[in-house]
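Enquirer: Take a look at the letters that make up each chain.
Protein chains: 4
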Amino acid sequence: MDKILKIGIVGCGAIGKDHCRRIMETVPGATVVAVSDYVAAAADETAAKYGIRSYGSDCKGMIADPEVEAVVITSIDPTHHDYVMETLKYEKWCFCEKPLSQNAKDCEEIMARELEIGKKLVQVGFMRRYDRGYAEMKRIIDSGEIGAPLLIKACHRNVSQGPGFKTENGITNVAIHELDICRWLLGDEYEDAQCVRVRQSSNSNKGYDNPQVVLLRTKKGCFIDVEVQVADGYGYDIQCEVVCENGTVKLPDPYAVVRRSRPDPAKDPGETMPIMTDWKERFIEAYDIELINWVASVNAGAITGPSAWDGYVACVAGDACNASRGTSQFMKVETIEKPELYK
Amino acid sequence: MDKILKIGIVGCGAIGKDHCRRIMETVPGATVVAVSDYVAAAADETAAKYGIRSYGSDCKGMIADPEVEAVVITSIDPTHHDYVMETLKYEKWCFCEKPLSQNAKDCEEIMARELEIGKKLVQVGFMRRYDRGYAEMKRIIDSGEIGAPLLIKACHRNVSQGPGFKTENGITNVAIHELDICRWLLGDEYEDAQCVRVRQSSNSNKGYDNPQVVLLRTKKGCFIDVEVQVADGYGYDIQCEVVCENGTVKLPDPYAVVRRSRPDPAKDPGETMPIMTDWKERFIEAYDIELINWVASVNAGAITGPSAWDGYVACVAGDACNASRGTSQFMKVETIEKPELYK
Amino acid sequence: MDKILKIGIVGCGAIGKDHCRRIMETVPGATVVAVSDYVAAAADETAAKYGIRSYGSDCKGMIADPEVEAVVITSIDPTHHDYVMETLKYEKWCFCEKPLSQNAKDCEEIMARELEIGKKLVQVGFMRRYDRGYAEMKRIIDSGEIGAPLLIKACHRNVSQGPGFKTENGITNVAIHELDICRWLLGDEYEDAQCVRVRQSSNSNKGYDNPQVVLLRTKKGCFIDVEVQVADGYGYDIQCEVVCENGTVKLPDPYAVVRRSRPDPAKDPGETMPIMTDWKERFIEAYDIELINWVASVNAGAITGPSAWDGYVACVAGDACNASRGTSQFMKVETIEKPELYK
Amino acid sequence: MDKILKIGIVGCGAIGKDHCRRIMETVPGATVVAVSDYVAAAADETAAKYGIRSYGSDCKGMIADPEVEAVVITSIDPTHHDYVMETLKYEKWCFCEKPLSQNAKDCEEIMARELEIGKKLVQVGFMRRYDRGYAEMKRIIDSGEIGAPLLIKACHRNVSQGPGFKTENGITNVAIHELDICRWLLGDEYEDAQCVRVRQSSNSNKGYDNPQVVLLRTKKGCFIDVEVQVADGYGYDIQCEVVCENGTVKLPDPYAVVRRSRPDPAKDPGETMPIMTDWKERFIEAYDIELINWVASVNAGAITGPSAWDGYVACVAGDACNASRGTSQFMKVETIEKPELYK
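These protein sequence lines map, in sequence, to chains Y, H, P and L. Going by this note's numbering, the residue at position 122 of the first sequence is 150; the numbering climbs one at a time, nothing skipped. Going by this note's numbering, the residue at position 273 of the second sequence is 301; the numbering climbs one at a time, nothing skipped. Going by this note's numbering, the residue at position 153 of the third sequence is 181; the numbering climbs one at a time, nothing skipped. Going by this note's numbering, the residue at position 159 of the fourth sequence is 187; the numbering climbs one at a time, nothing skipped.
Simulated from the structure, these hints should not be mistaken for laboratory data. In this text, all values refer to a predicted model and were calculated from it rather than measured experimentally. Ideal Cβ placement from N, Cα and C applies to all residues, glycine included. A few of these clues could be false.
[Said to hold, decoys possible] Covered by chain Y, per the in silico footprint, the following chain H stretches (three or more residues, Cβ under 8 Å): (1) 257 to 267; (2) 279 to 290; (3) 293 to 302.
[Stated by the list, open to error] On the chain L side, residues computed to face chain Y include the following (Cβ under 8 Å): (4) 53; (5) 165; (6) 174; (7) 274; (8) 276; (9) 277; (10) 278; (11) 280; (12) 282; (13) 285; (14) 286; (15) 287; (16) 288; (17) 289; (18) 290.
[To be verified] Ranges between beta-carbon positions, derived for each pair: (19) Y:351 x P:46: 46 to 56 Å; (20) H:230 x L:330: 28 to 38 Å; (21) Y:73 x L:56: 17 to 27 Å.
All chains should be built: construct the whole structure from the sequences, respecting the hints.
Expert: If you want it as structure tokens, here you go:
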């Protein structure tokens with residue numbers, strides 16, 4: 029417990045503030061020493077709360093600060109690439125929220141820099157790998173107890189999206205979690221992908237497709253079907269079933285009290301288990317475990333979580349999905365050769 | 029399939045009409061040849077529907093009819109004993125809806141008559157023994173796979189009761205099903221019983237206790253807890269769990285579609301499985317199987333279902349429950365020695 | 029109850045014998061008067077059991093028998109078309125087990141004959157429409173309570189197949205049930221279909237593909253994903269979830285006792301709900317309801333169940349699936365214009 | 029976040045070490061400054077791990093240390109009372125694992141001391157109140173959405189017990205959790221209690237009763253049935269259902285992956301959800317929340333968790349259960365008048 033990792037945070041929005049609290053209160057072996065944000069006041073407010081240093085909007089200055097050993101990037105998506113590159117300039121540890129970059133080329137640049145340094149320094153915030161449900165599914169699949177995995181059926185249903193949301197974001201910001209978790213569960217890489225045009229919900233008339241269906245095939249031939257409802261659904265509902273040769277495993281619903289009642293005298297009685305509406309609650313424990321693991325691995329000298337390669341593959345697969353839209357055809361998921369560093 | 033059992037029905041109310049339809053349409057090896065009812069018009073109506081003979085209100089005349097080989101008694105409860113005795117006068121087969129009689133003495137008289145005849149002719153309508161759920165629980169318990177049974181936790185929840193319902197009826201008309209099914213599941217007899225006074229539902233202000241809790245102990249020491257809600261509950265909900273030495277078995281909820289939705293925008297979303305409100309639907313298949321089995325056993329010459337002894341024990345146990353009310357004490361369930369005929 | 033429909037059965041194999049028993053014992057308003065089978069002895073045996081007439085292998089003679097008002101066709105698949113046409117020659121009612129024919133052209137011939145007669149006389153044995161689970165899903169979807177249907181996710185998992193089974197049979201004999209039930213649930217017709225090549229189970233090395241994934245799109249754009257495991261699965265497991273605009277509905281698992289135990293001291297304890305292995309048990313109640321409904325509708329003068337059109341569409345959709353195999357492309361499901369008679 | 033509570037721990041066994049790690053790594057606003065243990069080496073080892081001070085076996089010296097602001101008591105049960113009293117001597121905050129004392133009189137002494145000081149300083153380790161399942165049940169009950177609570181059905185099943193375990197411990201060490209949680213859920217106090225002698229598991233021949241059934245009645249008349257299996261069960265299984273006037277709520281099973289498979293070719297397939305065997309895992313999150321809440325409340329100046337009164341009532345109720353064993357009678361749960369301080 030000697031080592032206390034000194035962290036600087038870029039971006040003090042909702043998730044940035046949350047990670048700051050998490051590191052300060054829950055994660056052993058780490059502390060936040062400085063924060064910064066495009067909006068200086070946001071950084072100042074967070075800094076004041078914990079009595080730490082604010083760099084205001086001077087994010088690059090904060091990254092350069094010699095006291096800062098590791099950088100957590102929770103700024104808006106389009107800025108991720110630049111802050112990761114800035115962090116790598118100083119060969120510091122970096123935890124970057126998903127997505128790693130806006131396009132494959134930018135991810136490749138990050139990997140090229142890591143290869144130059146000769147060390148994995150970047151971890152991408154695919155927190156679902158740390159959810160106890162997915163982790164147990166992975167354990168069972170890897171154990172071989174129910175044979176090799178063949179198929180995945182998943183769905184990702186949301187209640188709403190913020191302004192400016194576009195059809196493509198349904199893949200790059202929403203389904204991206206499935207793009208990562210499916211290949212992780214299978215221990216396999218994608219061969220091709222298809223985004224299928226389906227009947228649209230009449231609730232959704234905001235200019236983006238909803239729902240969409242994403243189909244993926246892996247190198248080993250596994251087939252993945254992901255339903256993506258970006259908005260207007262009944263709740264925040266994440267489901268995932270992996271069909272193996274001799275059985276299936278399924279992500280559990282969250283721990284929730286079961287009620288038997290007649291909620292309304294005019295309606296029929298039933299047994300009801302609540303469904304969440306707020307995505308932030310669903311994987312709240314996974315975020316804790318994720319950062320605890322990240323800090324422990326950094327303090328031990330080698331990151332073990334999702335790497336720049338994982339961020340890159342999710343990006344390339346997402347691009348293939350978006351490119352296939354409207355073609356009724358599978359599109360190749362073409363990545364560069366996997367560098368030795370990421371194997 | 030040669031043998032067609034010729035049946036006469038006493039009582040053409042809801043359950044009588046239902047059994048008539050069942051025998052005419054669903055049960056192989058039997059037909060209804062005559063019906064009768066305290067209200068002659070009810071008998072006439074049912075007879076007309078199937079083109080069979082109506083004895084009007086001459087129930088005894090119908091029982092005496094030489095064509096009638098077996099009598100189904102679905103008249104009002106207080107008349108059961110007399111019609112059973114009348115049927116036994118002619119040594120005919122008899123299927124009597126529960127309860128067999130209004131008191132233990134009357135049941136003993138029926139058994140005495142059967143002993144005199146030297147043959148079990150009476151079956152009591154404890155249809156739950158024919159439910160696939162209870163039957164499978166019995167099979168597992170008897171298999172010994174999960175060890176000897178130790179405890180039963182049951183509940184019987186109703187939506188409403190007709191006029192004239194009294195506290196005692198909560199035992200003799202409602203919990204009587206549990207009084208039968210529990211000893212059948214356990215293969216054991218009752219030692220003592222206690223009806224515990226509990227906090228009353230403020231929904232129930234009709235002059236009878238609701239809910240009640242019935243506790244029973246068997247000769248082997250098994251302990252049974254039955255929650256009895258006779259009215260004002262959220263639905264018709266029957267639950268039963270048997271705890272054995274190495275595991276438990278539980279009655280399943282009925283086959284019902286599961287929905288995930290937000291039924292009302294002002295309420296939270298949830299996964300909902302409907303609960304029945306009408307008791308007639310819950311064991312509808314069990315009634316079919318019950319009568320199919322009864323007819324087959326009669327046609328084979330020996331009844332295999334719940335006997336007069338079973339009807340008697342349920343009656344004695346119910347009396348003990350009612351006698352214990354308010355005493356906070358267990359009351360002995362004192363039966364006569366079990367005659368060889370019923371072993 | 030006056031009308032008793034006189035039925036002749038072609039084919040006394042497993043399902044033929046079962047339907048015979050069902051009609052004789054469970055279905056009101058009907059009786060079997062004659063049976064026949066390619067293997068004369070099979071017909072003779074069934075006839076003897078019920079004391080009815082055997083036509084031995086003279087199936088056409090039986091169909092022609094003036095006493096026979098309706099024909100149940102449960103012979104081997106390739107003979108269905110000819111016996112249906114033979115039945116229609118006499119303008120008799122016909123219940124034909126699925127599939128209606130081996131190809132689309134033969135189905136079209138049957139419809140042409142019905143159009144000539146000007147009446148629907150043929151019902152196809154898609155019994156799942158009579159399962160209480162699917163029926164309730166249909167009711168909820170049609171009620172609009174959870175909005176328009178958008179997606180279906182289904183799976184059909186089997187334990188084994190008989191000799192001579194081929195990849196194409198995975199569609200025409202197995203997934204054919206989903207091909208029917210999905211368009212019925214949606215109230216929609218298919219636009220195109222694709223059978224996706226997926227990772228194969230190493231358990232299956234008998235010369236046919238296993239599993240397969242069938243994708244379908246409807247005229248309204250609904251998207252359907254059907255997993256088809258024809259053999260070597262853990263059990264007989266049928267699942268179906270319909271995703272609507274405001275919620276989802278799901279086929280329940282069969283009524284089964286839940287056990288909590290440690291089945292083996294060397295293994296971990298768990299809550300277990302059994303899964304069936306025998307397909308005949310899964311929809312056993314649906315078969316009863318199906319034939320009860322068929323007889324009632326025939327006795328009322330107009331069939332209400334799955335028509336020759338439904339048998340035809342399943343056949344055309346199955347052909348499109350099989351034709352698409354290996355192309356990674358959706359193939360049009362091209363039917364003739366739907367005749368007025370079937371609307 | 030300014031305040032860092034300085035804690036000393038008495039008892040460095042399994043739970044003591046666990047709380048030490050928890051406070052050092054997970055709980056914000058607190059740190060462990062010193063440890064002690066009856067076995068000096070245990071204290072030294074824990075102290076060395078975190079670089080803190082060891083008082084060896086000088087527990088009283090540690091409690092007296094002016095740096096120590098709060099004491100966590102995780103020593104063996106019979107020592108709890110003395111260490112609590114020692115802590116109160118210095119008017120320091122005290123977190124004491126259950127049970128608060130070995131008998132009612134000792135608990136009364138602790139309360140008398142608190143009353144003298146005029147402040148609640150002691151919190152008892154009833155961690156289940158911090159479990160999200162129980163907490164949500166409490167929230168629903170208190171909301172009145174499903175009416176007033178009437179009944180509780182609970183069970184507590186264990187896999188094994190250490191040497192020296194006695195029948196009475198089934199109440200005071202095992203069911204004590206239910207003795208606390210039930211009155212907390214109901215917001216009610218106990219009227220009387222009965223420990224019912226039931227059929228014994230043949231697995232249990234170690235000199236103590238197993239299972240036992242505990243019945244409790246509250247002042248408002250609520251009825252509680254707790255099954256207590258102290259050993260030889262299939263797993264560690266905690267269940268709790270509260271029946272209210274208009275519905276029921278039930279403790280969920282822990283978040284666990286559901287598997288559908290045939291675990292053994294010789295056995296039937298099934299859907300399986302694992303059950304825990306280790307009690308330490310079941311409420312692991314509740315322990316975290318408990319200590320986080322305790323520290324926050326202490327730092328805010330007033331404890332909000334289970335008080336000495338709660339520890340006392342559990343103790344008195346347990347004594348009544350043990351006294352009633354073998355009598356088949358309810359025994360009064362007689363407490364002193366509830367002091368104003370605890371209302």
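Enquirer: Each of the hints needs a verdict: does it hold here or not?
Expert: Hint check results:
no. : hint                      : in the structure
1   : 257 to 267                : holds (count 3)
2   : 279 to 290                : holds (count 4)
3   : 293 to 302                : holds (count 8)
4   : 53                        : 4 Å, holds
5   : 165                       : 6 Å, holds
6   : 174                       : 5 Å, holds
7   : 274                       : 6 Å, holds
8   : 276                       : 5 Å, holds
9   : 277                       : 5 Å, holds
10  : 278                       : 5 Å, holds
11  : 280                       : 5 Å, holds
12  : 282                       : 7 Å, holds
13  : 285                       : 4 Å, holds
14  : 286                       : 5 Å, holds
15  : 287                       : 5 Å, holds
16  : 288                       : 5 Å, holds
17  : 289                       : 3 Å, holds
18  : 290                       : 7 Å, holds
19  : Y:351 x P:46: 46 to 56 Å  : 53 Å, holds
20  : H:230 x L:330: 28 to 38 Å : 35 Å, holds
21  : Y:73 x L:56: 17 to 27 Å   : 19 Å, holds
Taken one by one, the earlier hints all hold for this structure without exception.
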